[in-house]
Amino acid sequence: MDVESAFLNGKISEEVYVCQPPGFENELLSSYVFKLNKALYGLKQAPRAWYEKLSSFLTDNNFIRGKIDSTLFRKIIKDDFIIVQIYVDDIIFGATNENLCQEFSKLMQDEFEISMMGELKFFLGLQIIQ
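In this text, residue positions in the sequence shown follow full-length UniProt numbering: the first is 1, and each later residue adds one.
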């Protein structure tokens, strides 16, 4: 699963000001700087803002964050479970029940703009055989 425009989903908690971006300069406002309300690509706070938004969303939906790996989330439902691993804007997940995978996919699609990449074959340079 790939989250489209992931970093644009995050809200920044600190005040960040920027100059007018090239190509969008307004000569009447040439001495102005502008306060950002949301994260932008290239902003050093963007990955953290995105992670915090996604992490909050998952925990609000009863996922438990890993104690050792804070990018690993799990959810146990009766005798089944689902695990979710986050790597920047890529998310891999697996469950003991296919319905849990489908429910998770729908949950994410309802909240974020995502594209499903199909069955996992490679991740971080590792070949995955299922």
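Simulated from the structure, these hints should not be mistaken for laboratory data.
Cβ atoms here follow ideal geometry from the backbone N, Cα and C, with glycine treated the same way.
It is possible that part of the hints are untrue.
Unchecked claim - The list that follows gives simulated cross-link-like pairs (lysine-lysine, PhoX-like), each with its CA atoms no further than 20 Å apart:
| id | residue 1 | residue 2 |
| --- | --- | --- |
| 1 | Lys106 | Lys75 |
| 2 | Lys53 | Lys67 |
| 3 | Lys121 | Lys53 |
| 4 | Lys78 | Lys53 |
Claimed, not checked - Derived DEER-like restraints, expressed as beta-carbon distance ranges:
| id | residue 1 | residue 2 | range |
| --- | --- | --- | --- |
| 5 | Ile77 | Asp110 | 39 to 49 Å |
| 6 | Ile83 | Asp110 | 14 to 24 Å |
| 7 | Met117 | Asp60 | 21 to 31 Å |
| 8 | Glu98 | Lys121 | 11 to 21 Å |
| 9 | Glu119 | Ile64 | 18 to 28 Å |
| 10 | Phe34 | Asp80 | 40 to 50 Å |
| 11 | Glu15 | Phe81 | 34 to 44 Å |
The hints, checked one at a time:
no. : hint                       : in the structure
1   : Lys106 - Lys75             : holds, 16 Å
2   : Lys53 - Lys67              : holds, 18 Å
3   : Lys121 - Lys53             : violated, 27 Å
4   : Lys78 - Lys53              : violated, 27 Å
5   : Ile77 - Asp110: 39 to 49 Å : violated, 18 Å
6   : Ile83 - Asp110: 14 to 24 Å : holds, 20 Å
7   : Met117 - Asp60: 21 to 31 Å : holds, 25 Å
8   : Glu98 - Lys121: 11 to 21 Å : holds, 18 Å
9   : Glu119 - Ile64: 18 to 28 Å : holds, 26 Å
10  : Phe34 - Asp80: 40 to 50 Å  : holds, 48 Å
11  : Glu15 - Phe81: 34 to 44 Å  : holds, 41 Å
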